[in-house]
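Visitor: One-letter residues, chain by chain:
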Amino acid sequence: MALDLPIGDAHTWATALDGDELKARAEATRNAAADKGTILEEFAAWLLPHIPGLSVRATNTYSFGRASEVDLTVWNEQHEAGFRSIDPPILVECKNWHEAVGAAEVAWFDWKMRLGGATHGLLFTANGITGDATEKNAAYQIIQTARTERRTMVVLTLDELATQRSAEDLRYLIIDKICLATAAARQTV
Amino acid sequence: MFSAAGCRVYSEHDGARDTPVGIADLVVWHESLDSERGAPVVVEVLARTSATGALIPRLRRTKQLTGVRTLLALTTGTHAPYVERDEGGGWIVQATFRDVLDLLVDHDLNGALVGLTGANRASDGA
Numbered sequence: 002m003a004l005d006l007p008i009g010d011a012h013t014w015a016t017a018l019d020g021d022e023l024k025a026r027a028e029a030t031r032n033a034a035a036d037k038g039t040i041l042e043e044f045a046a047w048l049l050p051h052i053p054g055l056s057v058r059a060t061n062t063y064s065f066g067r068a069s070e071v072d073l074t075v076w077n078e079q080h081e082a083g084f085r086s087i088d089p090p091i092l093v094e095c096k097n098w099h100e101a102v103g104a105a106e107v108a109w110f111d112w113k114m115r116l117g118g119a120t121h122g123l124l125f126t127a128n129g130i131t132g133d134a135t136e137k138n139a140a141y142q143i144i145q146t147a148r149t150e151r152r153t154m155v156v157l158t159l160d161e162l163a164t165q166r167s168a169e170d171l172r173y174l175i176i177d178k179i180c181l182a183t184a185a186a187r188q189t190v
Numbered sequence: 032m033f034s035a036a037g038c039r040v041y042s043e044h045d046g047a048r049d050t051p052v053g054i055a056d057l058v059v060w061h062e063s064l065d066s067e068r069g070a071p072v073v074v075e076v077l078a079r080t081s082a083t084g085a086l087i088p089r090l091r092r093t094k095q096l097t098g099v100r101t102l103l104a105l106t107t108g109t110h111a112p113y114v115e116r117d118e119g120g121g122w123i124v125q126a127t128f129r130d131v132l133d134l135l136v137d138h139d140l141n142g143a144l145v146g147l148t149g150a151n152r153a154s155d156g157a
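Protein chains in written order, with our numbering: chain P, 2 to 190; chain U, 32 to 157.
Heads up, a few of these hints could be off.
What the hints assert, rightly or not - Subject to a maximum C-alpha distance of 25 Å in a straight line, what follows is the list of computed SDA-like cross-link-like pairs (lysine to any residue): (1) P:K178 to U:R91; (2) P:K113 to U:G119; (3) P:K178 to P:L162; (4) P:K178 to U:N141; (5) P:K178 to U:D65; (6) P:K178 to U:R92; (7) P:K178 to U:S63; (8) P:K178 to U:A78; (9) P:K113 to P:L162; (10) P:K178 to U:A36; (11) P:K113 to U:S66; (12) P:K178 to U:S66; (13) P:K178 to P:R151; (14) P:K178 to P:T149; (15) P:K178 to U:T109; (16) P:K178 to U:S42; (17) P:K178 to U:G119; (18) P:K113 to P:R187.
These are computed hints drawn from the structure, not numbers from a lab.
Given only the sequences and the hints, what does the whole structure look like? Please build it.
Guide: Here it is in structure tokens:
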């Protein structure tokens, strides 16, 4: 199922993303095994290259032993107007789940980042992850633990993404999330 | 100081006099920061002491917990910058408010950190 995405120039989309439509499409495809996650992948692959320097280089890439699959592998040219400080690749995982994504899935994504040598990962979710960001419990504990090994995972929800109007909005959403999570980092064990 | 230098500044503890050990005082993002220094940078404000030795384990712990590449500790007094580089290429830089302020007058944050880390390479790996 293709998404009707807003048309805009390279960095700005002409109309606001229709969050309701996006969520309705995500909901409609959620239970179809073949489409699970695909709509979010399609959305992420459209959205991220609006940020200067980012380009999707591979989709649905399996590891050598086929034990794991990475939804999107994004290259970062470290453009000054993009993410100058983030080394490539950036891995992207998409979870179009009715429920919040749990610790096991977040840990598996962290493992993929570790295997892939990625310092940054973006987790596109329909409904966030389990636990409390402040308490650093459940899935948030996995993210905090990865942080101590210099791997940063940013969780993006459809509600958050639907309010973005430009690449700059999206870029600052990601920057704010990275910085606020850094400011809130604390011991969890 | 950092806001005036064009940085985005974040803190979980606005207005708090002391932050618990291991939690960053300030988190600073600036567009100039490259992958060598990393972004964001954690800033620890050490207003009451400049004694390096006793503070380094605490600074290492905060740096590890926050996962940043560079931690900048600001102190009072008039000592030379202390620079420590870990095996993973990360930095702990301890410098006076005055030195950092002087550098930020003429440089962006990345340039200021380059100035500081180049100022005392003898302490690398200490």
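Visitor: Within a Cα-Cα threshold of 25 Å, do K113 of chain P and S66 of chain U meet the stated pairing?
Guide: holds (21 Å)
Visitor: Starting from K178 of chain P, check that the Cα of A36 of chain U is at most 25 Å away, please.
Guide: holds (21 Å)
Visitor: Given the hint that K178 of chain P pairs with S66 of chain U, does the C-alpha gap stay at or below 25 Å?
Guide: holds (18 Å)
Visitor: For the pair supplied as a hint, K178 of chain P and S63 of chain U, is the alpha-carbon distance within the 25 Å limit?
Guide: holds (19 Å)
Visitor: Decide if the proposed pair is consistent with the structure: K178 of chain P and D65 of chain U, CA atoms, cutoff 25 Å inclusive.
Guide: Since the Cα atoms of K178 of chain P and D65 of chain U sit roughly 19 Å apart, the hinted pair holds (cutoff 25 Å).
Visitor: So if I understand the rule, the pair passes when the alpha-carbon distance is 25 Å or less; does K178 of chain P with S42 of chain U pass?
Guide: holds (12 Å)
Visitor: Taken at face value, is the distance from the CA of L162 of chain P to the CA of K113 of chain P at most 25 Å?
Guide: holds (24 Å)
Visitor: Going straight from one Cα to the other, do K178 of chain P and T109 of chain U come out at no more than 25 Å?
Guide: It is violated: about 36 Å lies between the C-alpha atoms, which goes past 25 Å.
Visitor: Taking 25 Å as the top limit, are the C-alpha atoms of K113 of chain P and G119 of chain U close enough?
Guide: holds (20 Å)
Visitor: Within 25 Å, alpha carbon to alpha carbon, are K178 of chain P and N141 of chain U?
Guide: holds (21 Å)
Visitor: Assess, step by step, whether the Cα of K178 of chain P is no farther than 25 Å from the Cα of R92 of chain U, and give holds or violated.
Guide: holds (22 Å)
Visitor: Quickly compare the C-alpha distance for K178 of chain P and R151 of chain P to 25 Å and report which way the hint goes.
Guide: Roughly 15 Å separates the two Cα atoms, so the pair holds.
In summary, the structure is inconsistent with hints 8, 15 from the numbered list given earlier, while agreeing with the others.
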